[in-house]
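From first to last, the protein sequence lines stand for chains A and B. Letter by letter, the first sequence follows residues 15 to 501 in the working numbering. Letter by letter, the second sequence follows residues 15 to 501 in the working numbering.
Read the hints as simulated data drawn from the structure, not as lab findings. Model, not experiment: these values are computed from the prediction. Any given hint could turn out to be false.
Treat identical chains as interchangeable: a pair holds within one or across any two.
Listed next, the in silico SDA-like pairs over lysine to any residue satisfying Cα-Cα at most 20 Å (straight line) [to be verified]: (1) 390 x 30; (2) 464 x 227; (3) 279 x 241; (4) 390 x 428.
Protein chains: 2
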Amino acid sequence: MSHQPRDSETADIDFEMDPEKFRELGYRLVDAMTEHLRAESRNPVLSPVSGEQSRKAFDQPAPQSGRSADEVFDEAIAALGSFSRRNGHPRFFGYVCASADPVGILADFVASASNQILTAWRSAPGAVEMERQVVRWLDELLGFQGQGHGLLVSGGSAANAHGLACAVAAAREAAPDRELTLYLSQEAHLSLHQAAKSLGIADHRLRRLPVDPDRRLVVADLERALTDDLAQGLRPACVCASAGTANTGAVDPLEAIAGVCRRFKVWFHIDGAYGAPAALTESHGHLKRGFARADSLSVDPHKWLFAPFDVGCSLVRDPQASHRAFSRSSEYIRVENQNENEQFAFFDHGPELSRRFRALKVWAILNVHGAQGLGKEIQRQIDLRRYLDQRIAETPELEALGSDLSISCFRYRPTAEPNDEMLNPLNRHILETLVTEGSFLLSPTTLDGKYSLRICIVNFRTQRSDMDLLVEEVLRLGRGWADRFPG
Amino acid sequence: MSHQPRDSETADIDFEMDPEKFRELGYRLVDAMTEHLRAESRNPVLSPVSGEQSRKAFDQPAPQSGRSADEVFDEAIAALGSFSRRNGHPRFFGYVCASADPVGILADFVASASNQILTAWRSAPGAVEMERQVVRWLDELLGFQGQGHGLLVSGGSAANAHGLACAVAAAREAAPDRELTLYLSQEAHLSLHQAAKSLGIADHRLRRLPVDPDRRLVVADLERALTDDLAQGLRPACVCASAGTANTGAVDPLEAIAGVCRRFKVWFHIDGAYGAPAALTESHGHLKRGFARADSLSVDPHKWLFAPFDVGCSLVRDPQASHRAFSRSSEYIRVENQNENEQFAFFDHGPELSRRFRALKVWAILNVHGAQGLGKEIQRQIDLRRYLDQRIAETPELEALGSDLSISCFRYRPTAEPNDEMLNPLNRHILETLVTEGSFLLSPTTLDGKYSLRICIVNFRTQRSDMDLLVEEVLRLGRGWADRFPG
């Protein structure tokens, strides 16, 4: 039969959009998003808004009849505009929430339009190959030195859960009758606890190990815990180290931990969701030496590689490990006379069947900037944090509370030195005022009982002047409070 | 401080894209995707491609230095074009893979550009309200008659896993010391087994119940299994019914099962990932009566609501159930003097922290078409399946093997009636030839040992002429084989 278009026929379909209408509406939305990006540096970072106001904007009953697409998009953009946090604002310092690279935004549009579904090679040969290439590239660039095996997932929680699932399946196969234990520092990310729980590791088998003054896992304590648990007949399933904790950006001593894991024959997982891309920089290239010795490594391209949400990545050294954890088929049969690519199915290596085409935005970002461009930008952000630390060190009223990578925690501490009890509400006042005024967004953290101003720089729009302004504003608000409530 | 833009400053940033460049590139990509959509009806549905060819297109090492965005996008679109399946082709009948509504594609672009992250209300007041509204709308439109509680996830597997996690947490709380059991038909979706496994329900505690000739769960067998298990001191955690199985679109007797669940006090989950939107039609409005009695219901807007990948939805009747299963906080404390909306966090009700803004595309599709427009289109697709069934019934060489909703299974069976052993390779030959020629894409299924041609219509481009062509082509290929290998 002929391979002809049948436009004359499709034009009759009620639900189809006329291509010229699609183009026109597309242009209009590109215009709107151009203005959106232009406004990313504009204050307020987040307008004061109440739950009542936001609910009111989205409180209509379900639409029964349709409306014009133009009208619907106008309404959506207007409503979202008033109630959206500017995550790309140069002084958005909260959580670990990066600015989205415009290249990634446009790539994600192409991904949505192509609507490929990445279950297996046969479903989307090009998109699946692209995802596998992106995984190989991340493996190569981060110095994981694996076989380029792994997959893209929704983010750090999913990537950590994936790595742990591989570790647990391996441990259960090796020692089916022994109870499993898991090792991580007190500073490790919550998603690791969540993953352990859902994998059936009892809460009292999680070893939350102490940290040193730099908030890094203490290797001697890890060794002791492993020795004790083995003596008790328990089976250590996994040691989880952090390459960049969410609190202070701390990096555990990866190589020393790797040595312990090798000696005790335990799976070594690194949570690099935030920090792993620092391996692309000059100052933190040494991270690669730790990554090269891990069994699994998580990294979030939607954090420090500036991809729009969502995309995380789980790298796994042994392809059989993810197959063991996730494959629906009981054996790993390699048919010799069929091409390995053609057999490949992501559902043999992860929990999802329908999988969005997440790879394209990462592929485009890596191609447009190259590893060098990304490394340079990440280095610039680490250097900004160092500059801020220097400003803090030079300012007697500011106290450093812990920093690494591009995260810094500090607090205002009047030279008169009021008691600690007063410092917490004082710093809370400073943070909340900064956020309410809309010029900054910080999320707080509490370190050893000290309420801290925490900033995390994962934004290519942030500059030195933003650090200066932060110091200036903290001093202004701190002094204002001190004047009102003199110690 | 002033709320001024600082374009002069941001323009200096190496990583920022000039807004006018963003606009220009955006227009160019809109043009490219306009052509992509125009070509969706063009053959081949999937070009013959080898694993070697596709790998060759994506086999370069990781890029070290950058390149122009224009060049990168040209390369991506060219490479993907040759290696992509046209999931929106009118004769794509495989799996359950819908055509993407252009409205949803454009909305997804806005979602990527706005880059909101939907962890909690405070992170994205507008986007979070919109997601909650979409969930309320789906609740209302499908007749779930809940409180509009639930959340959007990556698809049917995740939605089923979410509903089951709620059921299991409730059962574990009610009977901490009893072993859990789960009930589903032999035709239930694989993701339910997967979810049960990951929730720690032993495989031998899954009751895979027999089906009747229409492939619907047999209620008497369910009652017997529940009675037996209770007598043994086991705790039934959940009964899973299907509203549209993947094999034949079969809908279990939902209301009868609901009655049993009420009597035995067991959680009632309905997997409506594919079929639930049929409740919007005249012919299947009665599905609502079953949904209204379920404790949880999964539905995939990226299937029969034509949203681009990915978006599934889990509706849950009792908000405390998802809180119990997922909340990181130990108690469900409602602070009375704070607005309920402002307290809301999706991470208290589901497994993810970072969550993409999936709601916008569903919101836009529901607004542009309305429930009526969607119901009419889904009805048209069900009617197309009925038309095909009629053609099959009228054609002596075709044998119907099971159909419901918009799925139909049949096979070519020469009137000479060769033995069953011959029919399987014959129908495999037909299917594989149709796919290789590129005019159709079907995925096979095997029913009671019979290799079946299975078609699933979830595509607004499919028309009656496509049904006629399918019958014609199956007959042509079947007769050709019969001529070569006369019975």
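A quick look at each hint next to the structure:
1. Proximity of residue 390 and residue 30 under a CA criterion of 20 Å is satisfied inter-copy only: 14 Å between copies versus 45 Å inside one chain copy.
2. In this homomeric assembly, residue 464 and residue 227 come within 20 Å of each other (Cα to Cα) only inside a single copy, at 14 Å, whereas the closest approach across copies is 67 Å.
3. In this assembly of identical chains, residue 279 and residue 241 lie within 20 Å of each other by CA distance solely inside one copy; the values are 12 Å within and 47 Å between copies.
4. Proximity of residue 390 and residue 428 under a CA criterion of 20 Å is satisfied in neither setting, with 37 Å inside one chain copy and 68 Å between copies.
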